[in-house]
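Assemble chains B, C and D with the ligands onto chain A, guided by the hints.
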Amino acid sequence: MPEAMQERLTDIGPPHYEKFLPPVIKQNYGKWKYHEVLKPGVMVHVSETGAKLFTVRAGSPRLVSTDKIRKYAELADKYCDGFLRFTSRHNVEFLLTKQENIDPLIKDLKALGHPVGGLQNSISSIVHTQGWIHCHSAATDASGIVKAVMDELADYFETMVLPGKLRIALACCLNMCGAVHCSDIAILGIHRRPPKIDHDNLHKTCEIPSVSASCPTAAIRPATVGGKPSVEVIEERCMFCANCYTVCPSMKLNDPLNDGVSIWVGGKVSNARHEPMFSKLAIPFLPNNPPRWPEVTDAVKNLVELWAKNARKYERMGEWIERIGWPRFFKMAGIEFRKEHIDDFKHAGLTFKRSTHLNY
Amino acid sequence: MPEAMQERLTDIGPPHYEKFLPPVIKQNYGKWKYHEVLKPGVMVHVSETGAKLFTVRAGSPRLVSTDKIRKYAELADKYCDGFLRFTSRHNVEFLLTKQENIDPLIKDLKALGHPVGGLQNSISSIVHTQGWIHCHSAATDASGIVKAVMDELADYFETMVLPGKLRIALACCLNMCGAVHCSDIAILGIHRRPPKIDHDNLHKTCEIPSVSASCPTAAIRPATVGGKPSVEVIEERCMFCANCYTVCPSMKLNDPLNDGVSIWVGGKVSNARHEPMFSKLAIPFLPNNPPRWPEVTDAVKNLVELWAKNARKYERMGEWIERIGWPRFFKMAGIEFRKEHIDDFKHAGLTFKRSTHLNY
Amino acid sequence: MAETKSQTPKLDELEKGRWPSFVKEIKTAAQKSPMAADLLGQLELSYNEKIGHWKHGGIVGVMGYGGGVIGRYSDVPDKFPNVSHFHTIRINQPAGWFYTSDALRKLCDIWERHGSGLTNMHGSTGDIIFLGTSTPHLEPIFSELTQAGFDLGGSGSDVRTPSCCVGPARCEWACYDTLALAYDLTMNYQDELHRPAFPYKFKFKMSGCPNDCVASIARADCSIIGTWRDSIQMDKDAVREYADRGMDIRSEVVDNCPAKCMDWDGKELHIDNSYCRRCMHCINIMPKALRPGKDRGAVVLLGSKAPIIEGALLSSVLMPFIKIEAPYRQIKDVIERIWDLWCEEGKNRERIGEFIQRVGLGNFLEAIDVEPVAEMVAHPRENPYVFYEEYFVEDEEEEKK
Amino acid sequence: MAETKSQTPKLDELEKGRWPSFVKEIKTAAQKSPMAADLLGQLELSYNEKIGHWKHGGIVGVMGYGGGVIGRYSDVPDKFPNVSHFHTIRINQPAGWFYTSDALRKLCDIWERHGSGLTNMHGSTGDIIFLGTSTPHLEPIFSELTQAGFDLGGSGSDVRTPSCCVGPARCEWACYDTLALAYDLTMNYQDELHRPAFPYKFKFKMSGCPNDCVASIARADCSIIGTWRDSIQMDKDAVREYADRGMDIRSEVVDNCPAKCMDWDGKELHIDNSYCRRCMHCINIMPKALRPGKDRGAVVLLGSKAPIIEGALLSSVLMPFIKIEAPYRQIKDVIERIWDLWCEEGKNRERIGEFIQRVGLGNFLEAIDVEPVAEMVAHPRENPYVFYEEYFVEDEEEEKK
Ligand code: SRM
Ligand code: SRM
Ligand code: SRM
Ligand code: SRM
Ligand code: SF4
Ligand code: SF4
Ligand code: SF4
Ligand code: SF4
Ligand code: SF4
Ligand code: SF4
Ligand code: SF4
Ligand code: SF4
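Residue numbers (the numbering used here), protein chains in the order written: chain A, 1 to 360; chain B, 361 to 720; chain C, 721 to 1121; chain D, 1122 to 1522.
Chain A extracted, bound-state conformation:
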């Protein structure tokens, strides 16, 4: 490719999507009539014109090398005239018109180590974030936990035996890059120690007024430390949001002894049946235990299986819990209810149980 500067293009935007649509889609765009899931990971969309489009969905670690992308491209060439897409949960979808290509494609995908599935009543890939791969803010790793958890749940990706969809997401800090706050099960990295202040450098890298202002609980105030202008933190007021750290690198929250993972349940996004819901705190803290985070994988697996066993058909995690009640959920899941579970933020009062709808 040539040197850049001679004709510098800017603001060209992404390529037009039409360039990348296979002919069957161009011809049937907006004319799809219905779809059927043929088997795990395979569905067909049938057009009003009678045309059929087969989709094969393969799981992905999301973090992929160019070599892997080239492999995807090869498979697309081999079976799909070069057309493929990725999903909103980062899986790869191969778009076929020839039904006979499905099985060979699946065989090749499996050989490549990529499971096929994630459709319908299954667990799809875990939406996740950067973790220790790339983010300064991470209270835990992302890819590692995702791998460990999905190793355990792969069966549920490759089959469709669950009561409904189950969406898991992971975010490595409270910034929650992803839809962790609205997931059936969410894995969330958390800090539990107030910022350690780098008093030597703070005044060089950060504006003290904006550091103080960044704290939602007003835990930070200007102070002179060791003769240098800096800030101090009223530790009892800190709830470890890391907003100060986002604003100022000298307010480090990361801490090996206190960082870890919390587990949230019962969120959803779709409007199907129940309106969208936020995830709620189930397990306040599990330790960071790389490489396989056994406490986390166990906890997630237990939750999945508890739900799978007890929920009614179509009932998402949150719908199930809403029906049986949270006290019952805590009992069934064997999770101790603690002070941490009780909301004490802005709208806390609205989360108190203000009725006698209880079971015993």
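Label pairs and their calculated CB-CB ranges:
| id | chain 1 | residue 1 | chain 2 | residue 2 | range |
| --- | --- | --- | --- | --- | --- |
| 1 | A | E235 | C | G869 | 58 to 64 Å |
| 2 | B | R368 | C | R833 | 15 to 21 Å |
| 3 | D | H1391 | C | S951 | 35 to 41 Å |
| 4 | C | S951 | B | L710 | 35 to 41 Å |
The calculated BS3-like cross-link candidates involving lysine-lysine, where the alpha carbons are at most 30 Å apart (straight line), are:
| id | chain 1 | residue 1 | chain 2 | residue 2 |
| --- | --- | --- | --- | --- |
| 5 | D | K1145 | A | K110 |
| 6 | A | K39 | D | K1409 |
| 7 | C | K956 | C | K1014 |
| 8 | B | K556 | C | K1067 |
| 9 | C | K1014 | B | K412 |
| 10 | C | K1008 | C | K987 |
| 11 | D | K1444 | A | K26 |
| 12 | C | K744 | B | K661 |
| 13 | B | K431 | C | K826 |
| 14 | C | K752 | B | K438 |
| 15 | A | K331 | C | K980 |
| 16 | D | K1131 | A | K196 |
| 17 | B | K431 | C | K744 |
| 18 | A | K309 | C | K987 |
| 19 | A | K313 | D | K1388 |
| 20 | B | K431 | C | K736 |
| 21 | A | K39 | A | K78 |
| 22 | D | K1381 | A | K313 |
| 23 | A | K71 | D | K1137 |
Treat the hints as calculated values from the structure; they're not laboratory data. Note that the coordinates shown come from a computational prediction; the quantities given were computed from them, not determined experimentally. Even glycine gets a Cβ: it sits at the ideal position worked out from N, Cα and C.
Showing chains B, C and D with the ligands alone in chain A's frame:
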């Protein structure tokens, strides 16, 4: 009765209730097995012992003269061996053991001008407050509106044709003495003009710091007016809560031109089916139009009849609206939706529609 | 007094119509009481001017009590001198609002001697309200009331008159003795009721079952609502009878069950009681077939109130289930710990429900030494802002600290 | 590089197991890229120490753009010099994430020349993420990308890369053309996307129906979700076929309808469409029998975001139903009015959802000249604290004022 001071009793508490229980109750206390409504305003409770207690419920204006109380007492003597009670909604209940006394009692009650009813799927009396009869704070009258509204709704007291119970309450100011905030239909007196300050007297009657502090929106600040220490009100910040007036009589909110009535719907208290709910704003403002408040009576009657016609069996007002959606309710009720309906208080964000569950 | 009528054309309108008329009541009283007559006149003025004519301020009461009387003054005393004072007396009703005709007549006697002859039977909190008297009459009224066995109710920052539903006296669903508890708490807290010493008012209300016929969950700082722990008692034949007599068990009962824990196969009704929310609906509509279970007690909830000033609240669960047995130590102990804390740390005019929200339910529970349980919340927190109170420190660091 | 394996025992663990391994991906890349090799080493260090080793700070980017690159630096550059810089590039994906194999290979070519060879396909916002390069490579990457027809995505306080569900390209339920709208908005707002000038980030996400397959209601400042106004299209025979093939229409369909607007008499399914909430459930489970209506369009919602700092938000309804037709003026006009207002009055780092809550939805609507409608709220206010903006004054008073 003798002079008081010679033997001054204090802290004796109320009379023990047992003194006032008829024998049939004493004997069957805690042994009631079931009840049946025999006809409007009449029910029988059957005990495990086989004993029966008949109750006749009569509507009351709540504000009653001693003469009327003596009349109740007479009827109790005549038909119930002197035993009667009042209900939590201020109706009178005659407690009979002789079934044959029911009809004569009803006849006497009607002759006295007291309708019999209010049981089961009916409208019971309106829980209400003092209004212009006794309270300094009232933005409207209580007894007058109640009388005007019940004149219109008496049929629904005397029959049981409604889908379920319908509870109406009235409070004459935002203090909401009563369960207005959790009623199927609530009538609420409101002020709409910031306090008129009596600068001449304020410093004499009130502590300026507590007056300023009383305002939840910080609309009040100390000021010197006409040479006297007083306060001023930032009028745009005032939402007419009258908390300042409760604290200081020199901050009068009452205002003939701007006071009036708002109508709220959809609250409930019982845990039957749906958990308890707050009432929500339906009509932001109707004028004070004594003696019959025709705008208010019309509005209430329309709401009752709309609900009666459309709700399913057992569905309380709030349950009905929740099923059909608020937009539909506003449309059906012919009420214009306005800025006033949108919450802008502390938890306002939680009242926004955060889903696509809409109908058209 | 014969001309009163023509002087109140607006109010006269309200003598007409099907509902019993308060105007008639005032007019009746006015035949004996000039106070009632002037009340009528002032009210007509209000109806003409669309504004009230009462003033508050100036504490009045009886010796040794801090509450029970609401002082009220006309702002047009020149026109209506007989209501220049027009105080109300709050009198603690008997539990369940049961009376004998004799007791009522005794109250009337007192009130005709000393006041307007107008009452509210009853006030919203539950008291007997004597509407309108003047300061000099207060002590005599009090003395005659106590002689007759009655005492004042609350007002100001004290315990307010507890009230309760008719409960076991007449209701088959009462899961505990509401009258006994109301009476006991009233007697036990006489001092707290009569001598305001709290940051603000404190109300108790008791309902025998989740139907909550005294609206306790909406308007009591402490709401005690009966419920049961075991299974709904069912008479299967009686269920079938309801069905035979035309009840559509599926749509009327099963489909309305909020727990979705019922099933009807056309012959038999099944309830999965472990999920039943004790909402009462099925029992309410089939009283002959279904009854609350036998292991009965109550939920204790805290904190409901009207909107002033932080917004209205419903009570929230403090104790998901307790047995209600005299001497009720379990309730009293926790309430007293709550009062101690609230008196210590509550702000002026801060109700307990607002107080809990301000300090945080978790902290509140710690302070009153009650374990948090999942039944206290509608759902666990949705935000990740947990205040962990401790953290680990590396050994070397320890020294630095 | 052959010894890499033995140096990362912890990560090696994660090569095992059934799910595709990101460690394998890094190792593959590491065969060509010393950056990827050092990433592996630093990650192993993190796994041993249970802490990340990245630093933020120091703005990096390409000329004339204010976003699209996230600067990142190792805090142990001595140990892992190849990742002392390790910036990511965000590249705007094609709408719907459709590619040809050629396009993908072009991207790979560029990235192998200039970066670690590691990517995220895709980032949570939707971008193609090139993971790890150093500052000197930024301009060359940019120039090669644009030559290949790609451009950078957003970061910082700008419009972020819009994303959309597969929509009409493959889904029978798409109620509008999500890809066309995503593309159009992206092109239309190139300046806003590349030159941060807002108080904070602003995200668009488009879903073709209420299933919301891009989670737009949870994580877009502007969520555009397809729906329909008329009746669900029903093929009655197909419904019966579902029933015949064993679907329990009553319990699976009717009982799950949140609007309770369906009925099944064993033969025919009835929908009272005037109450249908367009939740999609019945359509989802009977795709051959039911379809969205024909009068299609979208709901426009505003304001969702993650919890920092006022708590997470879901988007809320701004326009209950609009037709979605190029050139989309109705959406653009309102969005531009919103941006003007927000840029004027929003605080730094205040998302639009937080802004609306702070100023009040009613005031916000007035400022952007949109009429309030009941569809915007879950329910009307429960508190009585209305700010009436005007009041009547008596004529005489007028002068006093
Ligand atoms: C490909 C994809 C859209 C895209 O543009 O990439 C997609 C495609 C389809 N979705 Fe989806 N959904 C996709 C992400 C989502 C998401 C977003 C997410 O998970 O982050 C949601 C919201 C999830 C939530 O509520 O938390 C989502 C909620 C649904 C639902 C509602 C399910 C429910 O009961 O709540 C349906 C309907 C159904 O499955 O019955 C649905 C149905 C479908 C259908 C059947 C639509 C159709 O007719 O083509 C598609 C394939 C079925 C499947 O995956 O089972 N899709 N779908 C996304 C695949 C992600 C993946 O790789 O797994
Ligand atoms: C007498 C009284 C208790 C008292 O101690 O005074 C009482 C007595 C009964 N109530 Fe009640 N309720 C009484 C106030 C209430 C209240 C409080 C209120 O209205 O302020 C409520 C809560 C209202 C609310 O939810 O807003 C109340 C909600 C119920 C319910 C639940 C109804 C529902 O579907 O929500 C039932 C069950 C039913 O009727 O099916 C019930 C049922 C009953 C039964 C059938 C109980 C029984 O077996 O004896 C009693 C007579 C039936 C009736 O009135 O239809 N009672 N009941 C109160 C009569 C007030 C009146 O004069 O009208
Ligand atoms: C008489 C009564 C209304 C009635 O007509 O029945 C009443 C009358 C007053 N109430 Fe009330 N409240 C009465 C029951 C209630 C109730 C209902 C209840 O207790 O079940 C409530 C709602 C529940 C609650 O406690 O929140 C109630 C909530 C208030 C409030 C708001 C309190 C709050 O925290 O939101 C105030 C304002 C205040 O305390 O300053 C108030 C204040 C007042 C004052 C004292 C206003 C004042 O400063 O003068 C009223 C005296 C009026 C008068 O002229 O007598 N009243 N008040 C009720 C007491 C009668 C009784 O003892 O039986
Ligand atoms: C790369 C990505 C995560 C991923 O692995 O996919 C990401 C990474 C970061 N996000 Fe994010 N966010 C990413 C999608 C999101 C999403 C999801 C979405 O857009 O759908 C959210 C939640 C939705 C939302 O916008 O609220 C999200 C909410 C945040 C927040 C919290 C914002 C808030 O208002 O609550 C922050 C904090 C901030 O802005 O300072 C943040 C900040 C960051 C920063 C820039 C933190 C920082 O200061 O360095 C992260 C850079 C990490 C890195 O090393 O590259 N990121 N971030 C996602 C962008 C990829 C892409 O462009 O496709
Ligand atoms: S969630 Fe936090 S740590 Fe993870 S990528 Fe986003 S900002 Fe970084
Ligand atoms: S982490 Fe959050 S709460 Fe703690 S000091 Fe920083 S900004 Fe404040
Ligand atoms: S509601 Fe207001 S005006 Fe009416 S009695 Fe109570 S405090 Fe007085
Ligand atoms: S009425 Fe309420 S808002 Fe208005 S000035 Fe008085 S205290 Fe403040
Ligand atoms: S609350 Fe329950 S126990 Fe008490 S009267 Fe009402 S229905 Fe009966
Ligand atoms: S009491 Fe209510 S929740 Fe329990 S079974 Fe009956 S209807 Fe269902
Ligand atoms: S959001 Fe609706 S239209 Fe878009 S892919 Fe999902 S189901 Fe299809
Ligand atoms: S789309 Fe949802 S609300 Fe509408 S009929 Fe179907 S299930 Fe009911």
